[in-house]
Amino acid sequence: MTHEHLPERLIDRYVDEDLDRTESARIETHLGACEACRLKVDEYRSFFTALKALPAPLLPSGFAVRILDAVLPARVKERKLVRVVTRAYAGVAVALSIVAAVALGMVGPGPSTALLAEGWSRSLGDSMALLRGTIMGGVDLVLAFLKLAPLANIGKLFIRVLETVTLSLPAHHLALVLLSVSLAVLVLAWAMASARERGVPHASLCL
Amino acid sequence: MTSRTGRTGSDESVEDRELVRRCLEGDQDAYRDLLARYERAVFGLVRRMIADPEEARDLAQETFIRTFRNLNQFDPERKFSSWIFRIANNLCIDYYRRRKLDTVPLLRHSEGETEETWDLPDANASPATEFSDRELSRRLMAAVDALPPAYRVVLILRHQEDRAYEEIADILELPLGTVKARIHRAHRLLKEKLTRQGVDWIPR
Chain A
1 MTHEHLPERL
11 IDRYVDEDLD
21 RTESARIETH
31 LGACEACRLK
41 VDEYRSFFTA
51 LKALPAPLLP
61 SGFAVRILDA
71 VLPARVKERK
81 LVRVVTRAYA
91 GVAVALSIVA
101 AVALGMVGPG
111 PSTALLAEGW
121 SRSLGDSMAL
131 LRGTIMGGVD
141 LVLAFLKLAP
151 LANIGKLFIR
161 VLETVTLSLP
171 AHHLALVLLS
181 VSLAVLVLAW
191 AMASARERGV
201 PHASLCL
Chain B
208 MTSRTGRTGS
218 DESVEDRELV
228 RRCLEGDQDA
238 YRDLLARYER
248 AVFGLVRRMI
258 ADPEEARDLA
268 QETFIRTFRN
278 LNQFDPERKF
288 SSWIFRIANN
298 LCIDYYRRRK
308 LDTVPLLRHS
318 EGETEETWDL
328 PDANASPATE
338 FSDRELSRRL
348 MAAVDALPPA
358 YRVVLILRHQ
368 EDRAYEEIAD
378 ILELPLGTVK
388 ARIHRAHRLL
398 KEKLTRQGVD
408 WIPR
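Chains A and B supply the protein sequences, listed in that same order.
For the first sequence, this note's numbering gives the first residue as 1, with consecutive numbering after it.
For the second sequence, this note's numbering gives the first residue as 208, with consecutive numbering after it.
Isolated chain A (complex conformation):
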């Protein structure tokens, strides 16, 4: 045994721990007396170390989302809810944009820069008036509900709140507010869709 070198396949199996104790002991006896085979064993050890250290592919972000969505009943329901809410947000944004366009049409062929600037400069005072009127009307409405007021009175109060809102704002200002709101709602719908893509928990966006 010491006069012949070990076959490479045997060295491979020895280093890969695929030999039983008797075979391994026989190899070790040979290695004790054969430097060339010891070097070969070292080569294989180094080779295996390099193989085991090969870079691992990085898991793509959101890898688990599609799987859990497909197999967990609760996730299937949640996915449907997110889809419905996202579409609702997009629908509201479109509706608000249409209203804003109509409102802008009421003040002329289109908002000039000066008109927009004037609208924004007056927005703070108008907004305060709007807020005050809305809160007052809202409080009246809640009180009416709490006192179980007749439906007719509740309807009147509701109309008063609407009047407060519409009278507090010039048309172009209302249009700008609506455009801002519709933009915000669109951003929210986009955020929900992209959060789902990335696998970010989106329950909070549903609320």
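Since the hints were made in silico from the structure, they are not lab data.
Bear in mind that the values here come from a model prediction, so they are computed numbers and not experimental data.
Errors might be hidden in some of the hints.
Within a straight-line C-alpha distance of at most 25 Å, the following computed SDA-like cross-link-like pairs (lysine to any residue) qualify [to be verified]: (1) Lys52(A) with Ala258(B); (2) Lys400(B) with Phe48(A); (3) Lys307(B) with Arg264(B); (4) Lys400(B) with Tyr358(B); (5) Lys52(A) with Arg66(A); (6) Lys52(A) with Arg273(B); (7) Lys80(A) with Arg276(B); (8) Lys80(A) with Arg341(B); (9) Lys400(B) with Glu35(A); (10) Lys400(B) with Ala56(A); (11) Lys52(A) with Leu10(A); (12) Lys307(B) with Leu396(B).
Stretch-level coverage of chain B by chain A, calculated; a stretch enters the list once three of its residues show a Cβ under 8 Å from a Cβ in chain A [what the hints assert, rightly or not]: (13) 230-242; (14) 265-276; (15) 344-353; (16) 381-392.
We put the CB at the ideal spot given by N, CA and C, even for glycine.
Chain A is already provided as a structure; the job is to place chain B on it using the hints.
Coordinates of chain B only, in the frame set by chain A:
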């Protein structure tokens, strides 16, 4: 016969069986735990077998979806790891058949793919040979990728996933002797190829 058992610890199997049992009872956390235990291994195998990163991601996800949807068919007497790796391998074979790539060596990096998708060793790591660890890794990975899929899969299961020969034979539904012969041949092909490129395996 085999002294090295690879990752065949009974703890792994017991925990897997317990998770499968909980999944079948409708425990959603068990699905997440089972996924977390195997997502890197399954994606790692599929990604190395399929050159296109998007296809690899889809196939790895499909592996889990099929596995989870068929958990009621899992035989608790067998290893869960063997079962899920077998599903992954079969999906890869189907992919090759669809693409008629079963005998064509695959290239790893598709166009536009960057190194960020691979966890390469630190470029400044001290070189064990005349090549740095990073360069050796790159060359070895290219050589592995150039192997025919039948050799590549045994190598990955053996050295990346640390699976025993017997489990590899079970996963691939091949005789044990065939698996051993393939592993040895893959070792020889790779080692010779890199030696020809000037890799000195013994640090001096």
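So, going through the hints one by one against the coordinates:
1. Lys52(A) with Ala258(B): Roughly 20 Å separates the two Cα atoms, so the pair holds.
2. Lys400(B) with Phe48(A): With Cα atoms ~15 Å apart, Lys400(B) and Phe48(A) stay inside 25 Å; holds.
3. Lys307(B) with Arg264(B): holds (20 Å)
4. Lys400(B) with Tyr358(B): holds (15 Å)
5. Lys52(A) with Arg66(A): violated (30 Å)
6. Lys52(A) with Arg273(B): Violated - the C-alpha atoms of Arg273(B) and Lys52(A) are around 29 Å apart, more than 25 Å.
7. Lys80(A) with Arg276(B): Holds, at about 20 Å.
8. Lys80(A) with Arg341(B): Cα-Cα ~46 Å, so violated.
9. Lys400(B) with Glu35(A): Distance of about 24 Å is within 25 Å: holds.
10. Lys400(B) with Ala56(A): holds (22 Å)
11. Lys52(A) with Leu10(A): Judged against 25 Å, a Cα distance of about 20 Å means the pair holds.
12. Lys307(B) with Leu396(B): holds (24 Å)
13. 230-242: holds (count 4)
14. 265-276: holds (count 6)
15. 344-353: As far as the stretch 344-353 of chain B goes, the hint holds, because 4 residues have Cβ atoms under 8 Å from chain A.
16. 381-392: This one holds; 3 residues, not fewer than the three required, reach chain A with a Cβ under 8 Å.
In summary, the structure is inconsistent with hints 5, 6, 8 from the numbered list given earlier, while agreeing with the others.
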